[in-house]
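Engineer: Next come the chains, spelled out residue by residue.
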Amino acid sequence: MMSKLELKEDKMLEVQFVGDDDVLNHILDREGGAKIKKERAQLLVNTKKIVKKPEYDLEEDDQEVLKDQNYVEVLGHDVQESLKNGSTTDGGNKVYSFQNRKHPEKMAKLASELAKTPKKSVSSNLKSDPEVTIDIPQCSKGHSASDKVQLKSDLVEEYFEAHSSSKVLTSDRTLQKLKRAKLDQQTLRNLLSKVSPSFSAELKQLNQQYEQLFHKWMLQLHLGFNIVLYGLGSKRDLLERFRTTMLQDCIHVVINGFFPGISVKSILNSITEEVLDHMGTFRSVLDQLEWIINKFKEDSSLELFLLIHNLDSQMLRGDKSQQIIGQLSSLRNIYLIASIDHLNAPLMWDHAKQSLYNWLWYETTTYSHYTEETSYENSLLVKQSGSLPLSSLTHVLRSLTPNARGIFRLLIKYQLDNQDNPSYIGLSFQDFYQQCREAFLVNSDLTLRAQLTEFRDHKLIRTKKGTDGVEYLLIPVDNGTLTDFLEMEEEEF
Amino acid sequence: MATSSVSKGCFVFKPNLKKRKISVPVENYFSKGKNESEDSKLRFETYQLMWQQMQSETERLQEELNKNLFDSLIEFLQKSHYGFQKNSRDWGYQIKLREIPTAALVLGVNVTDHDLTFRSLTEVLQHSVTPYVVSLQAKDCPDMKHFLQKLASQLVDCNVDVQSKEKESVQVTQKRIHYSMDSLSTWYMNVTQKTNPKMPRKKRTSSQWQSPPVVLILKDMESFATKVLQDFIIISSQHLHEFPLILIFGIATSPVVIHRLLPHAVSSLLCIELFQSLSCKEHLTTVLDKLLLTTQFPFKLSEKVLQILTNIFLYHDFSIQNFIKGLQLSLLEHYYSQPLSVLCCNLPEAKRRINFLSDNQCENIRRLSSFRRYVENQASEKQVALLTNERFLKEETQSLLENLHVYHTHYFLILRCLHQFTSSLPKYPLGRQIRELYCTCLEKNIWDSDEYASALQLLRMLAKDELMTMLQKCFKVFKSSSEKQLGNTEKRIEEFLAQFQSLDEAKEEEDTPESQSKGLQKTDLYHLQKSLLEMKELRRASKRQTKFEVLREQVVSFIDSLVREYLLPPETQPLHEVLYFSAAHTLRQHLNAAPRIALHTALNNPYYYLKNEALRSEEGCIPNVAPDICIAYKLHLECSRLINLVDWSEAFATVVTAAEKVDANSVTSEERNEIIHARFIRAVSELELLGFIKPTKQKTDHVARLTWGGC
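Keeping their order, the protein sequence lines are chains A and B.
Residue numbering for the first sequence follows this note's numbering, beginning at 1 and increasing consecutively.
Residue numbering for the second sequence follows this note's numbering, beginning at 1 and increasing consecutively.
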């Protein structure tokens, strides 16, 4: 598998990205001999014909008519299908397809078997194998060797099928083995700055299109609506431009929902303290909200614009937060313009909240990168969520005494020695004390406890009570980082 | 000042006071947005005027519709409180005294409209029953303590309203006191004794109440914690003799929920009476009737827009408020986007405005497709005049606009008339509601539709009394309308009615001799059969000629001719664009958006947004030059529940390197790989932000997929 990865330059030229359908057709052609297969092939063709894509070059009006008809029909059948364009109409169930992953070798066998005995495919999903579809890049990479042939309409069933077995068959390769596995934020940014942006002309055009709406937004905000922006791409820049062009003479609050420390409390605080110049404190958030509402109701000349980037962020998506922001936004002289990005963001709002918000939806697909939004996040490959990256580990350790560092190193070593032991729960305090004494690191169990408290405060260790009541110590950092850390330590000394 | 920081999430911007004073009037935003800002100021003013009128009309309607409900509620409150006042020794009253009078108000699932209802209910109650009206919501009362606290503080507030406002400072300190039912009842005693002597002077309307009851409205009964509710009911029933409480439950689902929430022991302490509010569908019908099916407001919706608004109502929320919001938006959009909407006002004003139209606006009129069609049908000299002479054009526009208004008056009369005929037919071929009929009529020539044909067929089979009631209803419709333009029709209907009446008498005379002459003859079997056959044939032949049937046929064809004459779809009328809002597409985008689909389209088919030929692809494929996130997304679709990051990143690298081929020579391959890896990281973290994947601990370096099935 690895040898295939090192593709030669000339081979790369042929790489072409092919979607589900072509793969389907390809497989179906090969297996056309079997009768049942043939029927299914026809069926597939039929569905394809039915959901024919509307021409994109249609006149604007025609397209609108088409969409409208579509909409009415769709609503009539009470099925929320796609309305936007053809590709989504037919894209739906095809694109979100999924299949049980089997091991490639097994899959090859299975596929050849199935070619002879097609009956089997009725009950189980048919898989293609890498050899059959050798000219398709994903398949030859072994990344996704399978493609769904059977378009089962009952997706619910498939979902449970996929989730029924706890075992998931994917390759066992880990990022550890790749040298460039994890990057820190800074290098990531440096690297990305070298990438030349593509389609800048088109993106600019898109943005200009949205900028023309600024005046309309202001109008609609003033008339009691609130505006929510959705669509792929960061809407931060767009909102920022809106702010700088339209809101210079108004009081406004910009709220970065993606900021990990944001809370409704802090939003309300900035309104009471900085906008309304109130110095008192409040017993609860609800009291504070009530106070703000009264203030705004009393003074109708007071106007406030709230710009919320990522209203659907982790910190703000809670029911209570949404309720409070909704109540704020329902005030006549508070204008809210917000952006949402998460796929399921609209689920935050029930009917009551939606009527509080009184949204007007605007689609602003910008394709801009979520640079700011993801920089806070414990992104997958940037740093593992919940664990300390190497740099912070060394940073903390450097501030400790040599003895304390020795204690910690002992624990690391013990943990690494036991890394293959699946039932390892940690080092018991007594054993640890014994080891530390032997290494002349502590002289009493009180000093060790004092040390441990310091570690715990820095979130370097975690203690857990075992079933026998003994305290076990564990470093909540993945082993790879620990190994790296030890290596670094050794280099230094 | 920057709006990004690692230590802060909120940034307040306060321009200095001097600048803030010059606030931009709203209409400036209205005019600035578009290039063609003809008469924008006037348009905006017209919008505001129109919207105000519509809003006050809807409020009035709401009030009217709720009146019945409120009246019966008040009656109930008075009746149930009577016992408390009377302090009767009657055994029945003694029993009743232990029960808390409760009104269960079934309001329906349109939760968003409830607030408005409760607000007006509170007002009405405060005005006519008791000053002590408290309404609580479930979210304010997680436990008994908060429940009582809220109740007490609101009660004190009510009291402040009744008395002078001087106590306000005291009130703040009171908030911290821990309330109990005891304290509430002593408070009540104090208040009633104190205010009673003052009452006759101050509030004459409620003075007949010796001790006004305390009405507690639980807005969303279903979402209250059962325990809180049960405890409160048990406790307050103990105190009922000194604290006359009346409960009103707001119920969105069904009255059964009371018994589900409260065990028998508790619900037996309540004396429940059920009240049903008007169904939201009827409400919608009235709103439509009074706002759209009338000549009062010149603004009209096209078929698609109306369809969308009613569909959102029927399939999404049943909320009148949302419907009105949609109406407001369409009104705004209409005035905002159509420069000629300046003429969308009442007729005399519009005629006046036509005289002041600028040259540009005249050009706009000429550009209207309906006007062009109209011009084409004119004689050639007139055509030239219309296209070149501004004054002539204005005069013509005036008359056309007037025609349009006349058309509407006729249209709605005939529509109602037709609705009277079709609404009670079996199977409702043209719909039960007038809005369905209206939609069909707006869409096309209704007489071309099959439904209309079958409706006429059914009309031809109606019995006389049914037909007569329909005719009478129609007659009433014509009578009630203030315009007398269709007086002729009215007369015709009257004539028909008279003819039916006279038919009654004539028929009786006709029938008697015939049956007598035939029934009494004595014959043998053969002759009997023969005469029966003859009679049958005779009847069949004569059936066609019955006077009633002839008359019925006449009525039906009369209706048909009316429909064909007056129910022309608005598209056929010149200048209909001025009054009809038809941008259904925009309306739907803003009201009933589909963010998931937008996201999916952007990821799956970037060409839809970025009109670059390089992105053009066949269905299901994606070109390798597409934005990174699209490629990563497409690759992740191939995976099942878990995705191996290494495999994913390599697949990504393959695709991307293939695309980059040409300009790759400049950088070394190692650096290029680094960059590609960085791009992959960015794409993956963006997908995580969008909610397609999430990190998982199940397996090292794997992420879990979160989307399944169609979107």
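To be clear, the hints were calculated from the coordinates, so they are not data collected in a lab.
Be a bit skeptical, because a hint or two may be false.
Said to hold, decoys possible - Below are the DMTMM-like pairs computed for lysine to aspartate or glutamate, each with C-alpha atoms no more than 25 angstroms apart in a straight line:
1. B/Lys281 <-> B/Glu443
2. A/Lys353 <-> A/Glu372
3. B/Lys150 <-> A/Asp237
4. A/Lys297 <-> B/Asp71
5. B/Lys281 <-> A/Asp350
6. B/Lys444 <-> B/Glu571
7. B/Lys290 <-> B/Asp157
8. B/Lys611 <-> A/Glu290
9. B/Lys14 <-> A/Asp350
10. B/Lys8 <-> A/Glu202
11. A/Lys265 <-> B/Glu571
12. A/Lys353 <-> B/Asp220
Engineer: Would you mind marking each hint as holding or not holding in the structure?
Structural biologist: Now the hints, each set against the structure:
Proposed proximity of B/Lys281 and B/Glu443 is supported: the alpha carbons are some 22 angstroms apart, at most 25 angstroms. Distance hint between A/Lys353 and A/Glu372 is unfulfilled; the C-alpha atoms sit about 28 angstroms from each other, more than 25 angstroms. For a cut-off of 25 angstroms, the pair hint linking B/Lys150 to A/Asp237 is broken: about 44 angstroms separates their Cα positions. In summary, the hint linking A/Lys297 to B/Asp71 is not supported, as the alpha carbons are separated by about 31 angstroms, beyond the 25 angstroms threshold.
Annotation: proposed proximity of B/Lys281 to A/Asp350 holds, straight-line Cα distance about 21 angstroms (limit 25 angstroms). Of the pairs offered as hints, the one joining B/Lys444 and B/Glu571 holds, with about 9 angstroms between alpha carbons and a cut-off of 25 angstroms not exceeded. At roughly 38 angstroms between alpha-carbon atoms, B/Lys290 and B/Asp157 are farther apart than 25 angstroms, so this suggested pair is violated. Proposed proximity of B/Lys611 and A/Glu290 is contradicted: the alpha carbons are some 49 angstroms apart, above 25 angstroms.
About 33 angstroms separates the Cα atoms of B/Lys14 and A/Asp350, which puts this hinted pair outside 25 angstroms; it is violated. Proximity of B/Lys8 to A/Glu202 is assessed by CA-CA distance (about 34 angstroms); at most 25 angstroms being required, the pair is judged violated. For the suggested pair A/Lys265 and B/Glu571, the alpha carbons sit about 54 angstroms apart, so the restraint of at most 25 angstroms is broken. Proximity of A/Lys353 to B/Asp220 is assessed by CA-CA distance (about 14 angstroms); at most 25 angstroms being required, the pair is judged to hold.
Checked against the numbered hints given earlier, this structure breaks hints 2, 3, 4, 7, 8, 9, 10, 11; the rest are met.
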